[in-house]
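Q: First to last, the sequence lines map onto chains A and W.
Mapping of the first sequence onto our numbering: residues 1 to 564, in sequence order.
Mapping of the second sequence onto our numbering: residues 1 to 317, in sequence order.
Hints in this document: simulated from the structure, not taken from any laboratory.
Note that the coordinates shown come from a computational prediction; the quantities given were computed from them, not determined experimentally.
Be careful, since some hints might not be right.
To be verified - In silico DSS-like links for lysine-lysine, alpha-carbon gap of 30 angstroms or less:
hint, chain 1, residue 1, chain 2, residue 2
1, W, Lys253, A, Lys69
2, A, Lys29, W, Lys124
3, A, Lys29, W, Lys177
4, A, Lys542, A, Lys472
5, W, Lys177, A, Lys142
6, A, Lys69, W, Lys177
As the list claims (entries may be wrong) - So the derived label-pair ranges between C-beta atoms look like this:
hint, chain 1, residue 1, chain 2, residue 2, range
7, W, Pro193, A, Ser476, 52 to 58 angstroms
8, A, Pro240, W, Lys124, 44 to 50 angstroms
9, A, Leu64, W, Arg45, 52 to 58 angstroms
10, A, Asp61, W, Lys140, 44 to 50 angstroms
11, A, Arg351, W, Ala171, 39 to 45 angstroms
12, A, Ser18, W, Ala171, 51 to 57 angstroms
13, A, Leu64, W, Val99, 57 to 63 angstroms
Stated by the list, open to error - Output of the computed footprint for chain W on chain A, the stretches with three or more beta carbons under 8 angstroms from beta carbons of chain W:
hint, region
14, 58-72
15, 92-104
16, 267-274
17, 296-303
Just so it is clear, CB atoms sit at the ideal spot from N, CA and C, and this is done for glycine as well.
Here's the letter readout for the chains.
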Amino acid sequence: MACALTQPDLHDVGTDFSIDAFLEREREKDLLRFSTAGSVDDGKSTLIGRLLYDTQSVYDDQVLSIRGKGTAGPQLDFALLTDGLRAEREQGITIDVAYRYFSTPRRKFIIADTPGHEQYTRNMATGASTADAAIVLVDARKGVLPQSRRHAYIATLLGVRHIIVAVNKMDLVDYDAETFASIRSEFESFARYAAAESGHTPELHFIPVSALLGVNVVRVSDETPWYDGPALLELLESLPTTVGSEIAPFRLPIQHVIRPHQGFRGFAGQIASGTIRVGDPVTVLPSGRTSRVERIVTYDGDLDVAHAPLSVTLTLEDELDISRGDLLTLAGEETRVARRFAASLVWMDGRSLDASRRYLLKHTSQTVPAEVRLRHRVDLEQSIREPGRVLEMNTIGVAEIETRRPIALEQYRENRTLGAFVLIDAETNATAGAGMVREVLTDDASAVDARPVTALERATRWGHAGVVLRLKAPSSVANAFERALLKAGVFVVRPPDDDPTTPGVLAAAGALVLVAEEGGHSISLRIGSSRAESLIHGETTKAVASLLRLLRESNVLHHQERTR
Amino acid sequence: MLPTENGSTYSPPIPLSSLQRVSHLRLLEAESIHILREVASEFERPVMLYSIGKDSSVMLRLAQKAFFPGPIPFPLLHIDTGFKFQEMLAFRDAMARAVGAELLVWRNEPAIAAGTNPIVLDTKRCCGLLKTQALLDALKHYGFDAAFGGARRDEEKSRAKERIFSFRDGAGQWDPKNQRPELWNLYNSRVHPGESIRVFPLSNWTEMDVWQYIHEEEIPIVDLYFAKPRPMYVRGEALLPVEQAFVARLGEKPQMVRSRLRSLGCSPCTGAIRSDADTLPKIIGELLSFRSSERANRVIDHDQEGSMEIKKREGYF
Ligand SMILES: Nc1nc2c(ncn2[C@@H]2O[C@H](COP(=O)(O)OP(=O)(O)O)[C@@H](O)[C@H]2O)c(=O)[nH]1
Ligand SMILES: [Mg+2]
């Protein structure tokens with residue numbers, strides 16, 4: 001390579017190199033996919049560039065094309081190796097995922113280098129959805145930022161098995177062990193919350209690195225004598241890949257029916273999990289019909305046994321009506337078939353999630369119309385659930401989904417293929433949301449649910465939390481205001497007497513309590529315990545509109561109430 | 001084989017060691033076949049761009065595998081610039097016959113008749129007319145709503161940004177700053193009339209993967225990839241194949257050079273390399289020793305920084 005490297009060549013093509021031995025070793029190699037995550041400028045692209053460079057995975061012409069450019073001063077700006085769009089190089093940021101490939105003598109890797117900006121969160125989710133591991137970069141000087149939390153949460157939700165927290169730019173904090181330890185403990189406490197909220201528990205790994213200088217990236221460095229773990233690459237080489245799902249129950253979503261002539265009907269698909277053998281009894285879902293595997297057909301000859309993740313074609317002993325979108329399982333190991341389920345959603349479209357819109361839900365190889373009702377949103381800043389019916393772009397929540405037709409599905413945590421779906425906006429065709437099944441619900445809407453109603457459910461139902469409003473206004477304005485609230489679907493009550501305790505009790509129970517007092521000509525409103533009183537002017541219609549706007553602006557009403 | 005007796009649903013546990021590691025090539029193959037089948041099922045009128053090179057050869061084999069024992073359920077389309085090597089065209093026709101696929105060939109005849117070439121025009125405008133324009137015209141003429149291409153993400157920086165299902169607007173253009181999110185293997189194939197999707201089943205394959213797969217699967221490829229003495233114009237380090245008369249400089253005489261092509265394109269813009277690699281293992285061995293990327297031998301990407309991205313935005317593959 002044109003540039004002096006401190007590392008020995010990993011692909012030594014010396015004199016005693018044997019191509020046959022090389023090919024033999026290559027056949028043994030497996031594949032690990034990982035993605036980067038973290039806030040802008042934490043060093044994601046630099047780290048990937050460094051990994052590629054130090055494993056001799058970049059060609060001279062690619063190095064030459066970035067020399068003397070970028071933002072790393074006299075150092076090579078490694079980020080330029082992955083920031084492949086002009087807009088990215090001009091702005092010095094990553095906009096969309098870049099996929100890069102490298103291999104070591106141990107295994108092959110696919111990297112998804114993702115953007116850090118909040119507005120591009122969906123591209124980060126794209127990169128993480130297929131990853132076995134995610135490297136969350138944290139700038140040692142800045143600590144765990146909101147974007148680090150958001151990305152770590154999304155990676156957790158997406159079921160990424162390993163989260164590697166790379167505390168970067170250690171060179172700028174003198175490789176201080178304390179800094180590393182405190183970031184580690186802060187991250188661990190967030191990870192506990194993320195695991196509880198998402199229902200997934202990834203394995204955590206922490207490594208202090210300097211991406212720019214290559215410290216602990218390919219090899220453990222002397223700069224951090226207090227760190228006794230592996231270098232990043234050593235860790236990546238030793239993580240188990242998700243392939244290994246062949247001992248899970250057999251699942252084959254049918255993608256395509258192959259009928260070259262009358263005598264052959266093959267059901268083609270990629271095995272999502274498990275193993276299948278000729279002669280195995282199988283069930284077709286959702287129909288529930290059963291048969292046995294007659295042949296496992298491939299271009300390279302029939303197989304006796306096949307397992308995930310191979311793409312195969314099966315023929316069955318009986319003539320069953322099977323089409324694209326059906327699921328084949330082993331008899332006795334069927335999945336649930338349902339129309340209703342609860343799912344985590346990551347919203348990715350500029351048009352917010354709106355329960356009144358029609359969405360197409362794509363799940364395995366089928367697309368069905370679906371209704372989506374939000375249960376709650378997840379506020380990662382405060383680590384809380386909040387009520388609401390809307391999900392804006394890049395926000396996360398939990399929703400109830402009802403599909404037009406029943407589908408065979410599983411919880412995402414049990415099966416990444418059978419628990420995943422995307423929502424497509426039926427009007428714009430945009431890929432609007434990514435969903436992960438949390439819980440399959442009973443289809444019978446009249447089934448008894450004996451769980452107590454929570455405050456959150458109440459707030460979600462009414463579109464607001466309980467609060468006392470003290471209005472000073474002519475009675476005509478008070479009446480019109482109450483009527484407008486009622487019309488908007490608000491749970492509004494107006495206690496008859498001026499009883500000092502009733503309003504508080506009702507508000508605590510979730511009502512919007514209107515306490516009105518004759519105010520002559522002036523109109524003012526006090527919301528809850530806030531000291532501030534807003535003065536309002538104008539005739540009745542205008543005054544009511546202003547009052548409603550005030551409620552929305554102060555987040556008493558969630559704005560979707562307008563359209564109810 | 002382990003037969004199941006008397007209807008028992010019990011599958012005896014398989015020793016993990018025998019299954020656990022799925023080689024990367026099997027994994028890539030399974031993923032690509034999944035993509036091919038999705039497209040065949042979800043689109044009205046898909047087509048496979050067939051460029052005759054090594055990547056197309058792999059893609060074609062994967063299509064045979066995906067629909068076996070049935071035929072490939074879509075036509076192949078070759079965009080012929082008029083500057084392809086003669087060996088390539090002969091190989092193309094033989095290959096289409098051998099796999100039993102319908103082959104369509106499209107040429108931008110007005111531009112070819114007008115004498116368009118990379119020397120009278122610059123390479124950028126030549127490509128624009130003979131490749132991009134021809135491609136867009138062909139897709140429109142036949143009304144294709146999905147087109148497979150053999151491009152790989154490891155080829156070039158802007159390709160590394162491409163989705164597997166890459167949305168194109170009514171004019172066939174790519175908007176890299178506003179791509180559809182693409183999670184798991186759930187591809188959004190919904191388009192409005194006039195819009196289309198470019199599909200890249202080999203997205204995750206590297207140059208090395210492609211060669212290893214060709215070797216393992218014994219996939220036929222054009223002889224130009226193998227080293228042998230060939231007439232070349234020698235210009236310093238560069239070797240230019242003797243195919244088109246206009247390439248020669250005044251008084252320039254070709255020499256026989258033991259050489260081969262690392263990637264196939266139009267003859268005036270594809271440089272050969274000196275090489276002794278006349279077998280697949282030798283080609284793979286040589287690949288390990290390369291210090292520059294495969295596109296370094298192509299004239300077209302070097303015109304300016306980001307030229308591939310610009311071409312792709314305009315509708316190029
Ligand atoms: N000193 C120092 N600077 C770094 C390190 N890693 C990245 N940088 C710099 O931080 C800036 C942002 O890096 P980049 O990789 O683009 O961040 P990204 O937005 O997370 O991809 C660049 O100027 C890098 O050169 C590091 O380990 N040490
Ligand atoms: Mg970046």
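Q: For each hint, tell me whether it holds in the structure or not.
A: Tested hints:
no., hint, in the structure
1, W:Lys253 / A:Lys69, "violated, 41 angstroms"
2, A:Lys29 / W:Lys124, "violated, 40 angstroms"
3, A:Lys29 / W:Lys177, "violated, 35 angstroms"
4, A:Lys542 / A:Lys472, "holds, 16 angstroms"
5, W:Lys177 / A:Lys142, "holds, 28 angstroms"
6, A:Lys69 / W:Lys177, "holds, 22 angstroms"
7, W:Pro193 / A:Ser476: 52 to 58 angstroms, "holds, 55 angstroms"
8, A:Pro240 / W:Lys124: 44 to 50 angstroms, "holds, 47 angstroms"
9, A:Leu64 / W:Arg45: 52 to 58 angstroms, "violated, 43 angstroms"
10, A:Asp61 / W:Lys140: 44 to 50 angstroms, "violated, 36 angstroms"
11, A:Arg351 / W:Ala171: 39 to 45 angstroms, "violated, 24 angstroms"
12, A:Ser18 / W:Ala171: 51 to 57 angstroms, "holds, 52 angstroms"
13, A:Leu64 / W:Val99: 57 to 63 angstroms, "violated, 41 angstroms"
14, 58-72, "holds (count 5)"
15, 92-104, "holds (count 8)"
16, 267-274, "holds (count 3)"
17, 296-303, "holds (count 4)"
Hint compliance for this structure: hints 1, 2, 3, 9, 10, 11 and 13 are broken, all remaining hints hold.
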